[in-house]
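A.B. asks: Spelled out from the first residue to the last, the chains are:
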Amino acid sequence: MENLNKVPIGKKCIVKDLTSSKKERRRMLDLGIVKNTNIEVLYKSPVGDPIAYFIRGAVIALRSEDASKILVDIID
Amino acid sequence: MGLTNKSTGLSLINDNFEVIKFSNNEKIITLAGNPNVGKSTVFNELTGLNQHTGNWPGKTVENAKGFYKYNDNNFILVDIPGTYSLISSSLEEEVARDFICFGNSDTIIIVTDATCLERNLNLVLQVLEVTKKVVVCVNLVDEAKKRKIKIDFDKLSNILGVPVIATSARSRKGLDKLVKSVNDVSFGVVKNKGYEIKYSDIIESEVKKLTNILDSLIKKDINTKFISIKLLDMDDTFHDSLNQFLGFDLMENEEVKNVINDIKNNLEQYDIKNYLFRDEIVSSIIQECEKIYSECVVLENKKYNEKDRKIDKILTSKITGIPIMIILFAFLFWLTITGANYPSEILSKFLFWIQDKLILGLNFLHFPDWLTNVLVMGIYRTLAWVISVMLPPMAIFFPLFTLMEDSGFLPRIAFNLDKFFKKAKAHGKQSLTMIMGIGCNACGVVGCRIIDSPRERLIATLTNSFMPCNGRYPTLIAIITMFFSGVVVSGITSSILSTILLTLIILLAVIMTLFISKLLSKTLLKGIPSSFSLELPPYRKPQIGKVLIRSILDRTLFVLGRAIVIAAPAGLIIWCMANINIYGSSILSYCTNFLDPFGELIGLDGTIIMAFILGFPANEIVIPIIIMSYMATGNIVDLSDLNMLRDLLVNNGWTITTAICMMLFCVFHFPCGTTCLTIKKETGSLKWTVLAFLLPTLIGIILCFLVSSISKLLFM
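Line by line, the protein sequences give chains A and B. Residue numbering for the first sequence follows our numbering, beginning at 71 and increasing consecutively. Residue numbering for the second sequence follows our numbering, beginning at 6 and increasing consecutively.
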């Protein structure tokens, strides 16, 4: 398992666990990020953070602190 | 209780979340949906109103109410802030949730985005858990068609058990069907069968225990399974709203308390404790969304969003991202500066031609001289100035700005700049509120509601007025042209130079915003950045015609109207002050003489300081007041010519230093009256409002003092 923020650009991965709590966790659930969700890493912002991800048909940008609390397996 | 109707601006709703009806045969329709799916467009098209729209999440922060008729039936339409789910996190989302759960809507229209249906279904299923009186509006179908996303609407409607209407609200497609369907559901012509989310067996059987008890306790019409789940979820803000709705606290009932404890113990045996309960619930909903989506939607072109990706790669790349952003803004300024030149001149010539005719006319009518002077030299001339200087740049800048808003570019700016805000320990969406501030600071302050964390929201609110608003651009542009670019060169080179200078001023304002945000984070508003997620919506082609009409009619004329209302009395005051003499000197000269020492200390003069003070209600009138005051002391100038105007200023002691300090003070001084009132309303605190007033003023004074001191040292 890896932290989502460490996954290289262009890779696809699948969510295995969320380590955030309370409000942050709610945010993630709101965006449809739960176990077994597919995420594709799209691109970094000019200064490297945040990173844009393709999640359930939408492009969502997450800061590295928040992405690091999503544990994933790289699948492709 | 933290959440009150007043604190969230829901004055049209009473304490029980109900919209107040005027008569009984009116139906109340709520427009719900994810952020940025076109709810406001649907609202505008149905009601004929002009709620502000744009392609970025979070524009609608306040409920809007409108009316429409169908078959002689009256409908009240309420547009609520966008929300991803009923598990709310921000204040505006709580508003939306309470309105959906406890409001007295006859039908809820859930607007969804056809290009991103799976995520949108999440909210649909959650609302369907609350009520069956729903019509799902799948909007933006034209965009979906372009991207070859095929949706089986009949099947979707069958599965969800409610009508599903395909619309393209921007071109009014499908809206007739939508209003008919809403009518049928509201009047019970059509009975929806609805949709029940199936959770895992353990959850279903445990929740059932609580539902059984609630069924006997709750007399109001509300889904008890939904309430049970929410109670088990331990959502405090929901609990508060529920108490308000029911008029009593369910958790005070012994039986309820015992069953909830019981259920919790049972669930723990299955390893579903506390927050994992919510995970279970949400996961079940999301799995159902996935299933429904795969049954109803076919992607004929798997690379349907390739084009957006390509644009994004350019607009957010390491090398080109930030430069393109700056160049785009500079281009916007350039168009405004060059485009405003000629109309400004023509308007000014025309308005002063009228001034001469006015004087002739009033003389002909035998008006006493002093009255003619008050009316023409005092009131009319100030008005003429405000219109000729303000109208052209506004009429150009507002539409261009709206076009950019419509295209979906703004969230990319927030994406590119987020790291800087993170370093300042502020919220990434602050850049969005800053851009709104460029339009109007009061709008920017209201827009700060899109920021969840109170600490970060305050930072964004306090620093919003650092962004020079539309009322201040013309001042900046006029000074740049008179003292810098216009002096050195002429024609196109001059306008480019003006643009560069203006862009530099904006950059300075941005840097100052970041610096002060960081300072606040380290002192008064200590804390760490909260979590941040930002949706980058698909690009949409802006509707140029509509944008032009809307932004000129709604925004430009509105803002200009406000400026005129304030300019007229200000012109009168200035004229009186300049012409009423006490002991041989005018009141005006007493005032300016009094302010002069302070003004000179910071590179300005008493007249400028007074103009800023009188310009408190609307910054647009600062330059006109300065001119009026100088002119009142003697020389008449042909005002259509900026060169003549510069001579007037130079004759009154202006130097390059004065011009620089004037621009600095224009950017960094107290927010206008409307903005201050808005800050008071939004923060609910006089203390923060005073700080928002003092902070930019002090920065302005310090900067101007530094510049004037340095220049004095250099030129001594």
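These aren't lab readings, by the way, just hints derived from the structure by calculation. Treat the hints with care, as some may be off.
[Claimed, not checked] Facing chain A, a subset of chain B residues (Cβ under 7 Å, in silico):
hint, residue
1, N197
2, K224
3, S288
4, K323
5, I327
6, F537
7, F621
A virtual CB, placed ideally from N, CA and C, is assigned to each residue, including glycine.
A.B. asks: Would you list, in rising numerical order, the hints stated earlier that this structure does not obey?
C.D. replies: 1, 2, 7
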